[in-house]
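Listed here are the chains, written in short residue letters.
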Amino acid sequence: MIDFRVLPEKASTFAESVDPLYWFLILFVGGFFLVVCAVVLYWGVKYRQRPEEDRPSYHPHAIKLEIAWTVVLVIIALGIFVWGSVLFFRAYDAPDDALEISVMGKQWMWKIRHPNGMRETNELHVPVDTPVRLTMTSQDVIHSFFIPAFRLKQDVLPAKYTTMWFKATKTGEYPLFCAEYCGTEHSTMGGRVFVMEPEAYAAWLRGEGGGEAPDDVLAAGRRLYDRLGCAACHTAGVENRGPLLEGIHGTTVEMTTGETVVVNDEYLRESILNPSYRVVKGYAPLMPSYKNQLEDEELMNLIAYIKSLPKQQVAIAEVK
Amino acid sequence: MATVVTDPNAAPAVHYLNWRKTVASWLFSLDHKRIAILYLISISVFFFVGGLLAAAFRLELLTPEGDLMQADTYNRYFTLHGVVMIFFFLIPSIPAVLGNFLIPLMIGAKDVAFPKLNLASWYVYMIGGTLGVLVLVTGGVDTGWTFYSPLSTTYANTNVFLAAMAAFVTGFSSILTGLNFLVTIHTMRAPGLTWFRLPLFIWAHYATSIIQVLATPVVAIAIFLIAIERVWGVGVFDPALGGDPILFQHLFWFYSHPAVYIMILPGMGVISEVIACNARNRIFGYPFIAFSSVAIAIVGFLVWGHHMFVSGQAMYSSLVFSVLTMLVAVPSAIKIFNWVGTLYRGNIVWTAPMLYAMGFLGLFAIGGGTGLFLGVTGTDIHLHDTYFVVAHFHYVMVGGAVMAYLAGLHFWWPKITGRLYNHLLGKLSAIIVFIGFNATFFPQFLLGMQGMPRRYHSYREEWQLLNIFSTSGAMILGIGFLLPVLYFTWSLVFGRRAGANPWGAKGLEWEKASSPPSPHNFDHDPVVTEEAYAYTGREQLSV
Ligand SMILES: [Cu+2]
Ligand SMILES: [Cu+2]
Numbered sequence: 048m049i050d051f052r053v054l055p056e057k058a059s060t061f062a063e064s065v066d067p068l069y070w071f072l073i074l075f076v077g078g079f080f081l082v083v084c085a086v087v088l089y090w091g092v093k094y095r096q097r098p099e100e101d102r103p104s105y106h107p108h109a110i111k112l113e114i115a116w117t118v119v120l121v122i123i124a125l126g127i128f129v130w131g132s133v134l135f136f137r138a139y140d141a142p143d144d145a146l147e148i149s150v151m152g153k154q155w156m157w158k159i160r161h162p163n164g165m166r167e168t169n170e171l172h173v174p175v176d177t178p179v180r181l182t183m184t185s186q187d188v189i190h191s192f193f194i195p196a197f198r199l200k201q202d203v204l205p206a207k208y209t210t211m212w213f214k215a216t217k218t219g220e221y222p223l224f225c226a227e228y229c230g231t232e233h234s235t236m237g238g239r240v241f242v243m244e245p246e247a248y249a250a251w252l253r254g255e256g257g258g259e260a261p262d263d264v265l266a267a268g269r270r271l272y273d274r275l276g277c278a279a280c281h282t283a284g285v286e287n288r289g290p291l292l293e294g295i296h297g298t299t300v301e302m303t304t305g306e307t308v309v310v311n312d313e314y315l316r317e318s319i320l321n322p323s324y325r326v327v328k329g330y331a332p333l334m335p336s337y338k339n340q341l342e343d344e345e346l347m348n349l350i351a352y353i354k355s356l357p358k359q360q361v362a363i364a365e366v367k
Numbered sequence: 010m011a012t013v014v015t016d017p018n019a020a021p022a023v024h025y026l027n028w029r030k031t032v033a034s035w036l037f038s039l040d041h042k043r044i045a046i047l048y049l050i051s052i053s054v055f056f057f058v059g060g061l062l063a064a065a066f067r068l069e070l071l072t073p074e075g076d077l078m079q080a081d082t083y084n085r086y087f088t089l090h091g092v093v094m095i096f097f098f099l100i101p102s103i104p105a106v107l108g109n110f111l112i113p114l115m116i117g118a119k120d121v122a123f124p125k126l127n128l129a130s131w132y133v134y135m136i137g138g139t140l141g142v143l144v145l146v147t148g149g150v151d152t153g154w155t156f157y158s159p160l161s162t163t164y165a166n167t168n169v170f171l172a173a174m175a176a177f178v179t180g181f182s183s184i185l186t187g188l189n190f191l192v193t194i195h196t197m198r199a200p201g202l203t204w205f206r207l208p209l210f211i212w213a214h215y216a217t218s219i220i221q222v223l224a225t226p227v228v229a230i231a232i233f234l235i236a237i238e239r240v241w242g243v244g245v246f247d248p249a250l251g252g253d254p255i256l257f258q259h260l261f262w263f264y265s266h267p268a269v270y271i272m273i274l275p276g277m278g279v280i281s282e283v284i285a286c287n288a289r290n291r292i293f294g295y296p297f298i299a300f301s302s303v304a305i306a307i308v309g310f311l312v313w314g315h316h317m318f319v320s321g322q323a324m325y326s327s328l329v330f331s332v333l334t335m336l337v338a339v340p341s342a343i344k345i346f347n348w349v350g351t352l353y354r355g356n357i358v359w360t361a362p363m364l365y366a367m368g369f370l371g372l373f374a375i376g377g378g379t380g381l382f383l384g385v386t387g388t389d390i391h392l393h394d395t396y397f398v399v400a401h402f403h404y405v406m407v408g409g410a411v412m413a414y415l416a417g418l419h420f421w422w423p424k425i426t427g428r429l430y431n432h433l434l435g436k437l438s439a440i441i442v443f444i445g446f447n448a449t450f451f452p453q454f455l456l457g458m459q460g461m462p463r464r465y466h467s468y469r470e471e472w473q474l475l476n477i478f479s480t481s482g483a484m485i486l487g488i489g490f491l492l493p494v495l496y497f498t499w500s501l502v503f504g505r506r507a508g509a510n511p512w513g514a515k516g517l518e519w520e521k522a523s524s525p526p527s528p529h530n531f532d533h534d535p536v537v538t539e540e541a542y543a544y545t546g547r548e549q550l551s552v
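These protein sequence lines map, in sequence, to chains A and B. My numbering puts the first residue of the first sequence at 48, with every later residue one more than the last. My numbering puts the first residue of the second sequence at 10, with every later residue one more than the last.
Source of the hints: derived by calculation from the structure; they are not laboratory data. For every residue, glycine included, the Cβ atom is placed at its ideal position computed from N, Cα and C. Incorrect hints may appear among the rest.
Said to hold, decoys possible - In silico contact screen, one side only, chain B against chain A (beta carbon under 8 Å); selected entries:
hint, residue
1, 153
2, 297
3, 320
4, 332
5, 343
6, 359
7, 370
8, 388
9, 459
10, 462
For reference, chain A alone in the conformation it holds in the complex (with noise of 0.2 Å):
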C-alpha cells in the first residue's frame, strides 16, 4: 500500500502555520504553468501558417499591457514575500520560557543534552506542546538539523552557535535528518524525534526509559567556574574587576564603544573564548581568553551554569 502524501505529517505549531502557504503556491505555480500551456497550445494551433490564408505579421504596441501585468506581478510578489516574512520571523521568535536544550553535531552523528544532564545520540525526545529552544554548535564541518514534520531546518555551525526553536503539536516519532552536505556518511546522519507526553518526557528525563546516563551539567559547568578561576574577578565586592554574571542571560548590555548587545547563548560564548572583542563598558579589558582551554562541551555547561546563576543573587551581593 502506497501511502502518498505531498508534505509529510505536521506535528509542530510552525509546520501548521506554514503548510497553507505552500499549497497556495503550489496551486499559484501550477496554475501558471497550465495557463502558459494552454495558451501557447491554443494559438499554436489556431495561428499555424497554412497556405490558404494570409495573415499579415502583428505589429503590436501594447504598453498599457506590459506595464498593467509588471505592475500586477510585483504586487503578488511582494504580497507573496510578505506573507513567508511573517512566518519566517516567527520561526525565529522563541519564547522566552522555552525548554533549553544543546545539540552537538559531528561527523556523523547528533549528541543531545537536556537540562538535567540527560543525554542521548541521534535520538531527541521532547514534550509535546511546550516550547523547546536547541541551541546547536558542530565540532567539525557545517551540518544542518532538519525535522520535516516540523518544517524546521538550522546550519550548525563549528565555533558558533545557532538556535532554532519549535512547539511540538502532536505525540508520535518522526524522522531527523542532517540536510547540509559534511562527508561520507552525511546520507546516515540522522535519527528519530520523539514527541511525548509531558509527564512521560519528565519519568524519560529521571532515565526511566533509556539514554545514556544523565551528568549534571549545571554541576560540571559549576566545577569549571571554579577550577578556571572566574570568581576571582566576577565576585562582588571588594575590587569588583569583572562584571557581575548572576542574572545576566537575557539582560541588554552596553560596551565601551556605545554598541548594545542582548546577552545570549552566543554573546557569552564570545566573552569566554574572545573577551577583548567586546568590552563591557566601564570596565577594563582585563578578562583572559580561555579560547584553548575549553573543549566544546565543557563551554555549554559552562555557559549553561552562568545562565543557571539566579538574579536575587545579585540583589543580595550588592546589598552586602
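Put chain B with the ligands on the given structure of chain A with help from the hints.
Just chain B with the ligands, lined up with the frame of chain A:
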C-alpha cells in the same frame, strides 16, 4: 540594403569550414566560427562525461540502501557531475558556442573585437578542463560543487586543490569571453544597426557578459583564499584558524547566483530568436524583453543570500535578500508573457527548434515558479537542501538552459554546417527530451517536499517509488540527448544542402551570409535599414 552580388542560396565553394584543412588551421584559427566549433566539440565531451556520472548515481538511487557503490564514490560522482556540468558545460555552452559563432554575424562584423583573445579563452578553458580531467583520474573530489568550508578546506582529503584550480582557471576563460563580447557589441555593429534594432540574442549576451566580467573575479578570489588557507594555514574560512565559514558562502554565492544568469540569460536570447522566426512575428514587447535581461543582470547581483536563509545569516539580511529575490522573478515572468504574446496572430511553423523552444517555456515556467518556494523565507526553511532544490535548479538549468541550447543548435545547425538534419527525428528528440526530463525531475519536487535531503547516498524506504520514476526518466532523457548526436553527425555527411536561409528567418546571419558562411562572414559589409524581426508572415520554410 547592400546589394547582394552572389546568390546567397547557392552553396558556396569556399567557406570557413573548408578553406583551410590542416589540424593547425583549426587549433590556431582566429576565426570566431572555428573557435565556436572547437568549443562545441569540447563542451559536448564534458556534457557526456557529466551525463554518465549522473546516470551512474541515478542507478545507485534505484534502491534505498547504498549498494551499488560506496558512499565515498557516490559523493565523488555527484560532486564531479556538478563541477563538470556547471563550469565546463553550462557556463560556456551558449555564449562560447552560439554566441561566438553568431554575435559577429548578427551584428554584421567580420569577427569579434579581439580574435586572439578569443582563441586564448579557448586554450584557458582547455587548461581548466584538463585540470578537471586530472581531478577525475586522480581520485576525484567529494566536497559537492559548492566547496563549502570547512569541509573543503580542512576535512576533505580528496583533490580539492586541483578541482578548485580547475574552476579558477576556467573562470578566466569566461571573463575574457565576456570582455570580448562587450567590446564587440559596442564597437563593431554594422551601419544602421542601432541598439534597438539589435536581435534580442545580442541583448541577452550583452547582459550575460556584464555578469561574467563582474562576478567571476569574486569566485576567483574565493578560490584563491581557500588556496592560501590550505597551503599557508592563514585563517580565512576555517573557524579553527579564526576564520568564518559563512564568509565563504557569501563569496561563493556572490558569484554562483549570478552564474545562474550566465547560464540562463543567453538561453533566453536564443528563445527570442527561435520564437520570433517560427511565429513569423515581431517579438511582443521587444524593449521589455531587452531591458528585463539587463534588469536581471543587475538585480541578480543582489540576491545571493537566498541560498543562506538557514545558514545562520542574520534574520533581517535574509528578509532583504528574500524581497529582492521576489522582485528578480518579475522580469523573467515578463519575458514568458512576451514570448507567449509573440504567438498571437502569428503564422506559426512547428519546426524542431520551435518544439524545443516551447518545451523551454513550459519547463522554465515551472523552474522559475518553484523558485518562489525557495525565495520566500518561511517556505525555504523546510525545502532548503532537499531534493526540491535539486528539481528546481534542474528545471532552470536543464529545462531552461539546455533546452534553449538545443533549440539554438537545431535552429542554427544549417547555418553552422550548411546541412539539414532529419527534421522528423529532430522533433522526436524534442518530445523525448521533454518527457524524459519531466519524468526525471518532477518526482524530485515531491521527494523534496516530503523532506528527502539532497546528496544522500542512501534514503528512507518510503521514497523508493519516486526515485525509481526519476531514474527511469533519466534513461529516457539520456536517449533524447543521444539522438541529436546521431542525426547531427549523420547530417554532416548525408544531409541535404541547407541554402542560406532554410527557415525563412530574418537577421543578417540568414539574409546576408551563406551557409556555411564564408571565412570573412560577408562578401560585402552589410548595412541595416530595418528593425529586427521584420517578418511579414509569408516567409516559407524550405527544410
Ligand atoms: Cu550532513
Ligand atoms: Cu541563487
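Here is what the structure says about each hint:
no. : hint : verdict
1   : 153  : holds, 5 Å
2   : 297  : holds, 5 Å
3   : 320  : holds, 5 Å
4   : 332  : holds, 5 Å
5   : 343  : holds, 6 Å
6   : 359  : holds, 7 Å
7   : 370  : holds, 6 Å
8   : 388  : holds, 6 Å
9   : 459  : holds, 5 Å
10  : 462  : holds, 4 Å
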